[in-house]
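Engineer: Below are the chains, spelled out letter by letter.
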Amino acid sequence: MRNLEEGNLLFIGLSWEERCFLGLKEDYKRFNQTSKVIILYNCKSEDDDNENRGKIAEYCLKREIQTEFVELDYSDPILTWKKIDSIVEAHKEFIKKPVIDITTLPREITWMLFFFIRRHTARIYYLYHSPEKYSSDWLSKEPGAPRLLLKHSGISDLNKPTGIILLTGFDEIRTRKLVEYYEPKFISLGIQSGSNFNNKERNSKDKHIQVIKGQTNFNTFSIDAFSRDHGLSTINQQVKLMGDYNIIACSQGPKLSLLSLYRSYLANTNIALCYLPSRQYNKEYSTGIGDTVKGEIEF
Amino acid sequence: MKNPFEYEAANNLTTQEILDYYIEDYNYTRFLESKRNIFLLGDRGSGKTMTLLYNSFKIKYEDPKRNRSKDLFEKIGIHIPCNTPLFHKKEYLLFEDDFRVQIIAEHYFVLSITNAIVASLKDVREVIEAFKDFDEELKEDFSYIFNIPVSTKHSFLESISRWIDKEAFETQKQINDPKNNEFYQNALSLSTLVLPLIKKIKKVPLFKDSHFIFLVDDAHDLNIHQVKVLNSWIAYRDHSDFSLKVATAKVNKPIKITSTGGSILEGHDYTNIDLEKPFYNKDSEFGNLAKSIIKKRLEKISNIDKEPSHFFPTNPELAESLEKYKEIARKEGIAKYGEKEKKKVTDHVYKYARAYYFRDRANSRANLVPYSGFDMLVDLSTGIIRNLLDPCYYMYDAEVSSKKDDTKIEMIPPKTQRDIIKARSDAMWKRLEDGLEKEIEACTESQGKRIYQLFDNLVLHFRERLIKHKSEPRAIMFTISQVDNEHYSELIGLLKIAQMSQLLYTRSGVAKDDGRKEIYYVPNRMLLPTRGLDPNGQHARVSLKCNDLWNAAVGNIPIPFNDDANETNAQAELFG
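Just so you know, the protein sequences line up as chains D and S, in that order. Each residue of the first sequence is one higher than the last, beginning at 1 in the working numbering. Each residue of the second sequence is one higher than the last, beginning at 1001 in the working numbering.
Just so you know, the hints here were simulated from the structure itself, not pulled from any lab data. One thing to keep in mind: the hints can contain errors.
Sample of chain D residues at the chain S side, in silico, Cβ under 10 Å [as the list claims (entries may be wrong)]:
{"#": "1", "residue": "70"}
{"#": "2", "residue": "90"}
{"#": "3", "residue": "92"}
{"#": "4", "residue": "96"}
{"#": "5", "residue": "97"}
{"#": "6", "residue": "115"}
{"#": "7", "residue": "152"}
{"#": "8", "residue": "194"}
{"#": "9", "residue": "247"}
{"#": "10", "residue": "248"}
Quick reminder that beta carbons are idealized off the backbone N, C-alpha and C, glycines included.
All chains, please: the whole structure from these sequences, using the hints.
Structural biologist: This is the structure:
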């Protein structure tokens, strides 16, 4: 087996999506010094026995890469937080060159990893693999209540009203859910630009406005999570504009926007990061694998 | 052009907007100003926050009608919203023991209350004057108790306000500190901060007889630890200086356990007040409230001095048809009871006139009923203010969008009303068809499907009644019988999810059989237009067997229709 001290430590999320295993192969092409893969999975879903699990284990064994499957309960952020803390702590000696494949990791878990890893290193590499295509049917169901990320819940001013920055996704019901739950005085909707994956139709401004109209004040702005800074400067501009609010920031748009939102949080620790969980995802959520985005974050 | 029917959360309204929009109800004011602990129960959108805010000192002081009242400083209402980012923080749950969790939960609560007290008072002219001679002494006392440096530059209340800001900042910073998992050592509690502060304030003659009323809003948003803290305060023996008025939704009502494991009891520790009002006809308590709300909004926001019934006129064809069927029913009543039996004839008209109209529409291939008119909107609201404003908002919006100039909207044409009612009704059914699991946390896919089937069969049942039932054809509410059925609790689980989605409401009334109170269920009346039913309903509730409802939900089996069903004349009660 490879020596942990020399190679990269790679974190991925187990999923039934094809791009989970295909993504790992792409990760290895870019980080062929990987010595261990830590595979996080949700004990409350069927990930435990999905076929990608065996494929990953076999692939890594052939290349003498160590593997560790870590069971988490995604619905319990307190337990998950403690477990991720202990996993990162157990590897602290070998965490010099960590790589996170964010493709199939929930945003909340990715942010938790960032939090614990940055205790030991100031640089994280990340990878994201787009699918070849998304299902045209529903993507997720059974949403849980929105929750603020532990230790990233901002510094709330007792005399300011609540404002939300939401990077919208394909599901306008989640936009409504967020507004109904926090009852913000103002919401700024960040709409992904471009027409990838039928974005213009599935994530249209009007769809989101329609479900919150009359309930709160809003504006919209355009953001490109696939740009060089993944939309960081746009988010920072919105944060600045909403200085009179206790800001809750949430990403439902392209996965890469979680990176810019996190970086924006580090620059503005008074804002709160919010996660909207879902208990059920469509098994046909995505097919194949598309482009890969690779980068690094310096904390 | 501002839409007069915007229904954004009351917390986000300005003082003037609250004064402009709120319609005072003296019944509630009386309870809210008492020294008793009260739980104010109401569904989402029923006006809980508005009621609390209107009774807060801050708003009262700005109200020219009330700020000269002699008891202005005797009852100090302090509004404490719980749906704020501070209350949604969960870091303290990372502590291993419940005791510490409770302490931090109370600390956040206390910071919010103290801030609200000080923010309510510190800028009020009379208060500034009243404190002048006592400021130094109070500052010295406070500084001694809390071992804090108090600014010489600021007044007592301003100094507390600044200190609370700092405390809130320090606590959150420490608890969020990536390198620190330590417990916050300087945590504050009701008895270490709020009560001593009230005692100090009462040293000032203007406040010597003051009773502080903590108006705790959205208590259903509190987590279990925060609820336990709140209950401990309710169980507090001495309520001479303060009392709690807690507004909460009917579903997900907070538990009644205190931090020490005791319980609070209705009647002994608190009183429940139901915010919903009887809403059976246009002259009901809710009908009058609805009329006042719409009239006031039209006047204050759009500068329109019009009766709501003129702003939302009824389609002439509908009005004419209803008159025609009234006459048919009247003649029928006279033939049955004789002209002298006026009451019986009136009852006959009430029961059957509308039923005949909707029955004929249901049996014909005619287009959709031209749903319109202010009374129709009141019926469609199911007695919930937000439900009343929702279609009005969309109607106004549609009119603004279709206009080519800047002229005032003087009324909403019946056609627009019908189109929007149809669209809002269709949208509600779509939510059901798509599955409530898409929006409700506690709902699974299978429950979502069952709820849709249950509502579909309920409405089919109501339609069958409309066509065939001899005495109560327009009943659109139900009670559940045979509750010892094995599926009762699962059925109630489904109904609770429907309540959380505002597709179903509960009311309490007196049972016909034994005079005891019973819960009955009222489906959101906005569901009815899509199926051609009459949202007006009538004073009757259908008794449906638990098993039949369960079979409808699980097996999509039609609910059996029985013309002799045991039904009760309904009269909702204000205080459930």
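Engineer: Identify whether the interface hint at residue 194 of chain D stands, where standing means a beta carbon of chain S within less than 10 Å of its own.
Structural biologist: 26 Å, violated
Engineer: Should the hint that residue 115 of chain D touches chain S count as held when the rule is a Cβ pair under 10 Å?
Structural biologist: 6 Å, holds
Engineer: Grab the minimum C-beta distance from residue 97 of chain D to chain S and call the hint holds if it beats 10 Å, violated otherwise.
Structural biologist: With Cβ-Cβ at 21 Å, over 10 Å, it is violated.
Engineer: Holds or violated: is there a CB of chain S closer than 10 Å to the CB of residue 92 of chain D?
Structural biologist: 14 Å, violated
Engineer: With a cut-off of 10 Å on the beta carbons, see whether residue 152 of chain D makes it to chain S.
Structural biologist: 7 Å, holds
Engineer: Once the shortest beta carbon distance from residue 90 of chain D to chain S is found, is it less than 10 Å?
Structural biologist: For residue 90 of chain D, the interface hint is violated, since the closest Cβ of chain S sits about 17 Å away, which is over 10 Å.
Engineer: Is the hint on residue 248 of chain D kept, meaning its closest Cβ partner in chain S is under 10 Å away?
Structural biologist: 6 Å, holds
Engineer: Answer holds if the nearest beta-carbon of chain S is closer than 10 Å to that of residue 247 of chain D; otherwise answer violated.
Structural biologist: 9 Å, holds
Engineer: Holds or violated: is the Cβ of residue 70 of chain D closer than 10 Å to a Cβ in chain S?
Structural biologist: Violated - the Cβ of residue 70 of chain D stays beyond 10 Å from chain S, reaching only about 19 Å at its closest.
Engineer: Taking the closest Cβ pair, is residue 96 of chain D under 10 Å from chain S?
Structural biologist: 19 Å, violated
Of the numbered hints given earlier, the model fails hints 1, 2, 3, 4, 5 and 8; all others are met.
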